[in-house]
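Engineer: These are the residues of each chain, in order.
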Amino acid sequence: MQKPIITLTTDFGYRDPLSGIVKGVILNINPDVNLVDITHGIGKYNVREAALMIGMSYRLFPSRTIHVVVADPGVGSERRPLMVITENHYFVGPDNGVFSVVYYENERCEVLHLTADHYFKRKQSATFHARDVFAPVAAWLSKGVLAPNFGTPITDYVKLPFPVPSMPTKTALEGQVIHVDHFGNAITNIRAEDLEMLRNVRPEGTLKVVMKGMQLAMKEYYSQAGDKELYALVNSMDRLELFVYRGNASRDFEIKVGDTLGVMFA
Amino acid sequence: MQKPIITLTTDFGYRDPLSGIVKGVILNINPDVNLVDITHGIGKYNVREAALMIGMSYRLFPSRTIHVVVADPGVGSERRPLMVITENHYFVGPDNGVFSVVYYENERCEVLHLTADHYFKRKQSATFHARDVFAPVAAWLSKGVLAPNFGTPITDYVKLPFPVPSMPTKTALEGQVIHVDHFGNAITNIRAEDLEMLRNVRPEGTLKVVMKGMQLAMKEYYSQAGDKELYALVNSMDRLELFVYRGNASRDFEIKVGDTLGVMFA
Amino acid sequence: MQKPIITLTTDFGYRDPLSGIVKGVILNINPDVNLVDITHGIGKYNVREAALMIGMSYRLFPSRTIHVVVADPGVGSERRPLMVITENHYFVGPDNGVFSVVYYENERCEVLHLTADHYFKRKQSATFHARDVFAPVAAWLSKGVLAPNFGTPITDYVKLPFPVPSMPTKTALEGQVIHVDHFGNAITNIRAEDLEMLRNVRPEGTLKVVMKGMQLAMKEYYSQAGDKELYALVNSMDRLELFVYRGNASRDFEIKVGDTLGVMFA
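Protein chains in written order, with numbering that gives the first Met the number 0: chain A, 0 to 265; chain B, 0 to 265; chain C, 0 to 265.
Note that these hints are calculated values from the structure, not bench results.
Some clues are possibly wrong.
Remember, identical chains collapse to one label, so a pair may be satisfied in a single copy or spanning two.
[Unchecked claim] Cross-link-like lysine-lysine pairs, in silico, DSSO-like; alpha carbons within 27 angstroms at most:
| id | residue 1 | residue 2 |
| --- | --- | --- |
| 1 | K43 | K218 |
| 2 | K227 | K43 |
| 3 | K207 | K122 |
| 4 | K158 | K43 |
| 5 | K169 | K207 |
Hey, can you work out the whole structure from these sequences and the hints?
Structural biologist: Okay, structure coming up:
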């Protein structure tokens, strides 16, 4: 029997003991669990970013991993606590859209409103449900309590709209920057499969990216690019990404989340 | 037999390998230990903040957890290395006040001056006792060496004075900001029980918080508040906290540790 | 049988889920491994800093620990993936110099070019070899696959030149700042043994450090020094270090990596 894994993805930051406290609560209930930090560096209250970050990560973990995801500005209000069950994974967190990417990628997932409060901390605070609700539920789940015991199925959960690329003409894609990473790389909502579709229109053509009046060539890896110039590539998550080799695309070219870009034939 | 837990709370930051080195030393002595980071983001040399952070955290961990706490500007000097033993927990760190909150909350704790240097690294540096003294002692303790073997009981340990709220009149409390967290929330030394005492004076009354000429209403959770305004609530640690919903109270209203505030009837 | 340990030292930072993803991949292959973060705070693309940080850390870990080290601007190019085997440790990462300190300290290490791509992720991206190559190789190694199965021995690996102190006269040393740590302390390439050699020339003499026109006295530990002044000491890694007690030597005195300093008799 392998040790159950619980991952943590939060906007708690690294200065306060919040993530440590959550781990203490989990270990108090199930000392025999493997705790893995995905990140505690989600932008404060940034539900959309949390949704993207867990979306990039969960598939890489073993089957039956339990993912706790917390960016929760509505903590204490009527927003519901949830458990999401996909074919291979469990998720625990607030019903505010943090699981949007999980919903899009797992059409047949089950979503439970967590109502069985005997699995919560006895006295719950109105401001720290990660400690009082999500951590204990994840811990009891990891101990073998079956999912249906935690609550009742719902279908009206919050699913944030994520912009998808459009095709204004048969030979062009229009998309958006959806994340700027630690290296300043700008990750877009255009996927490798979108580019493939475009390429099929004119198999002999060469694609270029157009952004802020600039025309960017596509590369295969970072060090193929000259220094200080903006280029594009398909990244390791199969998304179109804008980068500066050994530089910071976001800072050097003032690129931010929401900026639009196009892809067309050169 | 459950795996022993050792937690780490330090001012080492996240750029250097210091916390990793401490873990290496512990695993070298006891590979069968569960290591948990509480935080390495304590303000540099900030003994008082370390005392508060471990004070907020230790109770959430299972009985017999060993907590290593290091903010240690006096490392290498005559300041003594300590082990603190409370009913349910062990603590290892310097005698500079990092355990002050633990002392206040555990009147009958035992404090040992760590003198048994055969449990230390053979050659100790004068600047990294976390590696050379605290980590090995915590590791040997986790392996089952009994506490009395590590040193001799003392009673003259350093206990920093922490400001407590005062009652200038029968219907008012005066307190201080003691911590600003990652979200910019200002945590005060006024506790839920202090507010309760005040409420008992005039049970039909409504409390307000006064700070920097502002009058703040009290809420129960963050999203109850309007955007961009300063409000107060009782937080998950049962302390009065000043916050801006989806904002940053400390930055937006220039609130810092040591600022005073009052609570009175509206 | 003790659990194998895999450590991670990267420039991934703490905002993105990259280090979490690497852990997921490892646990998918070997759920029975102990994962330890050394740091994810290496300066972006800073191969030299990564080499120093793992060089400071690896010896403190138990024998047979596997160290994954990633600062990899050339990912996807012809730069080779490596495994380095020393008497007591394993290392996995790119052939760009991140193991330079390991090579200097272990003359008889073995270096393998990782060629057995059936141990890699089936489809490797061109931009995230930590996930697709280094993590799976480390995981399979931790599971007991023998090192020679992963590739072929090479001797032409990249070994970055690190500046060594010089002795311009018989009574003086000249060195460089090689790292500025979280506390602003400036760590130099002058070692305790270099100072010892100098002291042997004139055993009754007192050493002073000269830098930017300043003459610095040597101390044994931080709190021996007066506030706000720059001093030197031999640090816990046996290197000459410049510091300001409770201050920030780098910021207060504009000291940076590459700055030169001298040591001579007072």
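Engineer: Hint by hint, note whether the structure agrees.
Structural biologist: Against the structure, the hints:
no., hint, in the structure
1, K43 - K218, "between (33 angstroms within a copy, 20 angstroms between copies)"
2, K227 - K43, "between (30 angstroms within a copy, 15 angstroms between copies)"
3, K207 - K122, "between (57 angstroms within a copy, 25 angstroms between copies)"
4, K158 - K43, "within (19 angstroms within a copy, 35 angstroms between copies)"
5, K169 - K207, "within (15 angstroms within a copy, 62 angstroms between copies)"
When held up to the earlier numbered hints, the structure conflicts with none and fits them all.
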